[in-house]
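Visitor: The primary structure of each chain is shown beneath.
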Amino acid sequence: MPVVEITQTVDARGLSCPMPIVKTAQAVKPLPSGAVVELLATDVGSIKDVAAWCRATGNELIEQTSDGAVYRFVIRRK
Amino acid sequence: MDEPLNLVLFSGTDDKLQAAAVLTAGAAALGKPVNIFLQYWALDAFRAAKIGDDHGLAPEAGPAGRIAVDALAAAGQATWAETLRQAKDLGAVDIQACSLSMDLLHLESTDLDSLVDGVEGVTAFYLNAGEGQVVFI
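The listed protein sequences derive, respectively, from chains A and B.
Quick note on my numbering: the first sequence kicks off at 1 and runs consecutively.
Quick note on my numbering: the second sequence kicks off at 79 and runs consecutively.
It is worth saying that the hints were derived from the structure and are not from the lab.
Please read all numbers here as calculations on a predicted model, not as lab measurements.
The C-beta atom is built at its ideal place from N, Cα and C for all residues, glycine as well.
It is possible that some hints are incorrect.
What the simulated footprint calls covered on chain B by chain A, stretch by stretch (three residues with Cβ under 8 angstroms from a Cβ of chain A suffice, anywhere in the stretch; the number is not a length) [as the list claims (entries may be wrong)]:
{"hint": "1", "stretch": "93-106"}
{"hint": "2", "stretch": "148-161"}
Taking lysine-lysine and the DSSO-like style, the derived pairs with C-alpha atoms no more than 27 angstroms apart in a straight line are [said to hold, decoys possible]:
{"hint": "3", "chain 1": "A", "residue 1": "K48", "chain 2": "A", "residue 2": "K29"}
{"hint": "4", "chain 1": "B", "residue 1": "K110", "chain 2": "A", "residue 2": "K23"}
{"hint": "5", "chain 1": "A", "residue 1": "K78", "chain 2": "A", "residue 2": "K23"}
{"hint": "6", "chain 1": "A", "residue 1": "K23", "chain 2": "A", "residue 2": "K48"}
{"hint": "7", "chain 1": "B", "residue 1": "K110", "chain 2": "A", "residue 2": "K48"}
{"hint": "8", "chain 1": "A", "residue 1": "K48", "chain 2": "A", "residue 2": "K78"}
{"hint": "9", "chain 1": "B", "residue 1": "K110", "chain 2": "A", "residue 2": "K29"}
{"hint": "10", "chain 1": "A", "residue 1": "K29", "chain 2": "B", "residue 2": "K166"}
{"hint": "11", "chain 1": "B", "residue 1": "K166", "chain 2": "A", "residue 2": "K78"}
{"hint": "12", "chain 1": "A", "residue 1": "K78", "chain 2": "B", "residue 2": "K110"}
{"hint": "13", "chain 1": "B", "residue 1": "K128", "chain 2": "B", "residue 2": "K166"}
{"hint": "14", "chain 1": "B", "residue 1": "K166", "chain 2": "A", "residue 2": "K23"}
{"hint": "15", "chain 1": "A", "residue 1": "K29", "chain 2": "A", "residue 2": "K78"}
{"hint": "16", "chain 1": "B", "residue 1": "K166", "chain 2": "A", "residue 2": "K48"}
{"hint": "17", "chain 1": "B", "residue 1": "K110", "chain 2": "B", "residue 2": "K166"}
When you get a sec, could you build the whole thing from the sequences and use the hints?
Guide: Shown next as structure tokens:
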């Protein structure tokens, strides 16, 4: 698997809905197309929310993993 | 996603305002415009001098609900006012005070927190709502 270079990390661990998405949207907004944002979250709602947000905004969810406690998402900006 | 989400806020308790702030922030993150119309007790909660106060909870919360809400706040949950500020930072969120409620509560524009963008009547609210959904909280 090719290594994806992370442009910016959003640490939303401990934040409740909708802050993981709000922080992600704030982080992605000023970045250039193709930039890659990593999101760390503990809100269980973020599993479906991140996927839905990516679908609606056209950004690409390129990776989604979890160690059981923390969900990690890697998103490439449209 | 182009049609706005239109929220009419009537209740002034912290739980209902929190729910409204979450809906607003979610819509803003999706790029959906949000129009908020503040009436009655919701408007009262947006007074600059009172916005940071404890505004209580809806009656159905009960003592157990109070404990649950306090636990979330202690865990660092953003207040509804802070959530709305972030939503405004992110997208097109317009917050208007209902002119009738301004009269009812004897308020002037200068009494309101800076989150509030202006004062309007219900007709202007409907005009801006367009074909978007109207949700009453």
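Visitor: Work down the list of hints and note, for each, if the structure agrees.
Guide: Do the hints match the structure? See the list:
Given a C-beta distance limit of less than 8 angstroms, the hint that chain A covers the stretch 93-106 of chain B holds, as 4 residues qualify and 3 suffice. Requiring three or more residues with a Cβ within less than 8 angstroms of a Cβ of chain A, the coverage given for the stretch 148-161 of chain B holds, as 6 such residues are present. Restraint check for K48(A) and K29(A): the C-alpha separation of about 21 angstroms stays at or below 27 angstroms, so the hint holds. Distance hint between K110(B) and K23(A) is fulfilled; the C-alpha atoms sit about 16 angstroms from each other, no more than 27 angstroms.
Proximity of K78(A) to K23(A) is assessed by CA-CA distance (about 17 angstroms); at most 27 angstroms being required, the pair is judged to hold. A hinted pair counts as satisfied when its Cα atoms are at most 27 angstroms apart, and K23(A) with K48(A) qualifies at roughly 16 angstroms. A distance of roughly 18 angstroms separates the Cα atoms of K110(B) and K48(A); the hinted pair therefore holds under the 27 angstroms criterion. A C-alpha spacing of about 19 angstroms is found between K48(A) and K78(A), which places the hinted pair at or below 27 angstroms, so the restraint holds.
The straight-line distance between the Cα atoms of K110(B) and K29(A) is roughly 14 angstroms, inside the 27 angstroms bound, and the hint therefore holds. Restraint check for K29(A) and K166(B): satisfied, since their Cα atoms lie roughly 14 angstroms apart, inside the 27 angstroms limit. The straight-line distance between the Cα atoms of K166(B) and K78(A) is roughly 22 angstroms, inside the 27 angstroms bound, and the hint therefore holds. In summary, the hint linking K78(A) to K110(B) is supported, as the alpha carbons are separated by about 17 angstroms, within the 27 angstroms threshold.
Annotation: proposed proximity of K128(B) to K166(B) holds, straight-line Cα distance about 20 angstroms (limit 27 angstroms). For the hint pairing K166(B) with K23(A), the CA-to-CA distance comes to about 13 angstroms; that is within 27 angstroms, so the pair holds. Between the alpha carbons of K29(A) and K78(A) the distance comes to roughly 10 angstroms, so the proposed pair stays at or under 27 angstroms and holds. Between K166(B) and K48(A) the alpha-carbon distance is near 23 angstroms, which keeps this suggested pair within the 27 angstroms criterion.
For the given pair, K110(B) sits about 12 angstroms from K166(B) by alpha-carbon distance, which is consistent with the 27 angstroms threshold.
Checked against the numbered hints given earlier, the structure satisfies every one of them.
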